[in-house]
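Colleague: In case you want the letters, here they are:
Protein chains: 2
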Amino acid sequence: MDETTKENFLKALTKVIPPDRLYTEDEISDDYGHDEINTIFHLPEFAVKPMTTKEVATVMQCANENNISVVVRGAGTGLVGGAIPTTGGLLLDLSGMNEIKQLDTDNLTLTVEPGALLTDIKQYTETRGFFYPPDPGEKTATIGGNISTNAGGMRAIKYGVTRDYVRGLTVVTALGNVMHLGGKFVKNSSGFDLKDMIIGSEGTLGVITEITLKIIIKPEVTMSLLVPFPNFKDAIKAVPNILRSGITPTAVEFFEQNVIKYWESFSQKIFPEDGHQAYLLLSFDGQKEAQIEDDYEKIAELCLEHGAEDVYVLDDVKQQEEIWSARGAFLEAIKDSTTEMDEVDIVVPRSEIVSFVQYVHQIATTENIRIPGFGHAGDGNLHFYVCRDDYDQKTWQEKLTKVFDALYQESKTLGGQVSGEHGIGIAKKVYLRKSLDEVTYTAMKKIKQVFDPNNILNPDKIL
Amino acid sequence: MDETTKENFLKALTKVIPPDRLYTEDEISDDYGHDEINTIFHLPEFAVKPMTTKEVATVMQCANENNISVVVRGAGTGLVGGAIPTTGGLLLDLSGMNEIKQLDTDNLTLTVEPGALLTDIKQYTETRGFFYPPDPGEKTATIGGNISTNAGGMRAIKYGVTRDYVRGLTVVTALGNVMHLGGKFVKNSSGFDLKDMIIGSEGTLGVITEITLKIIIKPEVTMSLLVPFPNFKDAIKAVPNILRSGITPTAVEFFEQNVIKYWESFSQKIFPEDGHQAYLLLSFDGQKEAQIEDDYEKIAELCLEHGAEDVYVLDDVKQQEEIWSARGAFLEAIKDSTTEMDEVDIVVPRSEIVSFVQYVHQIATTENIRIPGFGHAGDGNLHFYVCRDDYDQKTWQEKLTKVFDALYQESKTLGGQVSGEHGIGIAKKVYLRKSLDEVTYTAMKKIKQVFDPNNILNPDKIL
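Same order as they appear, the protein sequences are chains A and B.
In terms of the UniProt record's numbering, the first sequence opens at residue 1 and continues consecutively.
In terms of the UniProt record's numbering, the second sequence opens at residue 1 and continues consecutively.
Only chain A is shown next, with the shape it has when bound in the complex (with noise of 0.2 Å):
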């Protein structure tokens, strides 16, 4: 950017941010370079802190007029790379926009602003008797930043994904437009779906600002089954006739022994009931204790027939408190074991679950690396962790291209796709590209265009 563009662009932000919510050179922080998975760092030239649409709407045209790439930013938990300003340009930080605007009881909504983190949501509709579905793992990420990545989580395969939830969105377009789509209404059929085009696209096609979520009434009772099995084959393969018996568990994770070693060394805790090679973890949700308890026998029995070495009932709120919060940090465990590492978030379908967790077992033996992980086993959706250990640079980055080029092809062949709740940001964006065909990769590049015709939104993420 050469100096005259900056001065102009600094010039006209002043005129619509205050001194305080607006950071030049010194002022910006570290944290704007980075993510949660830590393996990229780039800084911005400008940083605002926007406070509403109008403000965000006049960045945003002066952005466009100044050719400006603009990156947003939530609370920075992404795992790709997504909300990285890789080209320099502004970063809207987002997170000051984050009021509780409206609960609507009668229509079951509530209304909120895009830096809302997950942990407020959960705690304003769950104190007053409604209920939020979505849970991925990292509570402290924006509402935004999980419409952005279409984030999913493990209660997905009884109450879908966070796009289940959008009813509304406010939109800034990359040219300071404002669009509102959808609204308070459940059904809609009138034009083409822009709404869902703009969740999941991680601000590659214009600015959440305000947002309306479905939300529905908090369930009563919750309990757990934590089911050891001898072997990760038959824990996955346990999966469909769990879900054939009519009954839908809330959660269905999965995860190694060596997962658990990693937590207990990190945690410094003692896993309950530790000593399987692979376990399932289930959890029930509903209003009627009765029902529920109905539901988890049925599926004991049904683990117990397929292969479970026992089956452990957790129907105290503090030992699932324990389990679920151990099951959350199994990603900080496998970070803490090495010294870098970088992850694939890859969905298959769910017949396929124990081709791809066979197929990383080999390449991580042929390789020579590690790869730990575990999943959501209920829809197919598998987080693994390539681990640097000790290799030294060039050989770290030779094997990680080669396990990560392995594991997409590998999934791409199953039937699977690049992400099932991460995103592409900038760290997959090469899987991406190898897993579309031209007419739907040509596709997605037109759309973008459609949206941000001179390519100033997070332009060198997704395409």
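Mixed in with the good hints, there may be bad ones.
Intra- or inter-copy, both count: the list cannot distinguish identical chains.
With a straight-line cut-off of 20 Å between C-alpha atoms, the simulated PhoX-like cross-links for lysine-lysine are [to be verified]: (1) Lys298 with Lys218; (2) Lys158 with Lys288; (3) Lys158 with Lys214; (4) Lys49 with Lys15.
Hints are computed from structural coordinates only; laboratory data are not their basis.
Quick caveat, the model's predicted, so the values are computed rather than measured.
Place chain B on chain A using the hints.
Modeller: Here is chain B on its own, set in the frame of chain A:
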């Protein structure tokens, strides 16, 4: 179309489609010229019945080369003229591509061709213990048509709409290329959501030639409640209270006495428990009788607390079939009560249903015209039918325009949208235009250009 173009195109078509599936002039059935509502009639110049994705792709290539407009037709049960070839050209009749190709019991998916009828999908899945939840009134519609309008239906309140059950689509583009969108996997955050853009696009963005549907396990038990109220306001006002109970009925339908009268005279039957001003008809389903009983007893009590005059429990299959088939025939009954009619399918926030119904009553009085209707009270999607009765053509057109203008304006004022589930087609174009702001409308126009640069796919529909 000039004669040379006509000849060239016909020559090209004969190379792809055998003569017994290619129709011109007198061979073209009158059925191809209208849909279920019967307010518009226009025949195509050519019609073909392709049997494979490849045939569709080649036909689209020929059409694009010769700049011939192409309209896709399933069973012709639409209500907004979406499948009528209003600009002539080619009609692509997909009713022959009606195979149910694969039931995948591990991934809980059903792969079908677009011409498969809802009734066939129902029969196929339910006899095998599975269930395709969306339940639009018109069971002889094709699944392709349902996807093209994002059909909703009566079970949307519990199970969602057609969009929620489409996992994968094979789509032939306007240029004759083939795209595969989605698949058998459950979650996806891999680039822009083209699949949802195709769903609900009414044949204007591509031709759907294969579909992978999500299915679930068939609920073992179904029962219904017929709940009379002293007036429509009390009936509708009970609904948010029902939905806040934590119990989600499968369906919550609303109707008034006048519609029952039309149905009785149409069907020559007596409606059970006739004689009340307004009704809610609810259904419940699940795996266990005791659970369903608990649920409906709680809801029955709630209804009585909120003004219901009585609660009739319909728990035997025959009773339920009778009442739901009556509900399913309301549209036909109203049609039978008049000389000609046109419909609105607006959707408003649930909290605004009373205001909207009140407004309809008021307009009917001031314009001295019958506007009977009914609706999905659980999701704010209302169907009202403006009846011509004995008005002459000129007065009818004037009154219809006046009533439509007023109703769509009111829906917009109440935060609603033009169509909840029937789509826009040609009949609602002007109201969609009025309901959208310039930025959103322009984005839709540009998206049309991305998918169909020569504007040959259903060219004068939606926008």
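Colleague: Need the list of violated hint numbers for this structure, in ascending order.
Modeller: none
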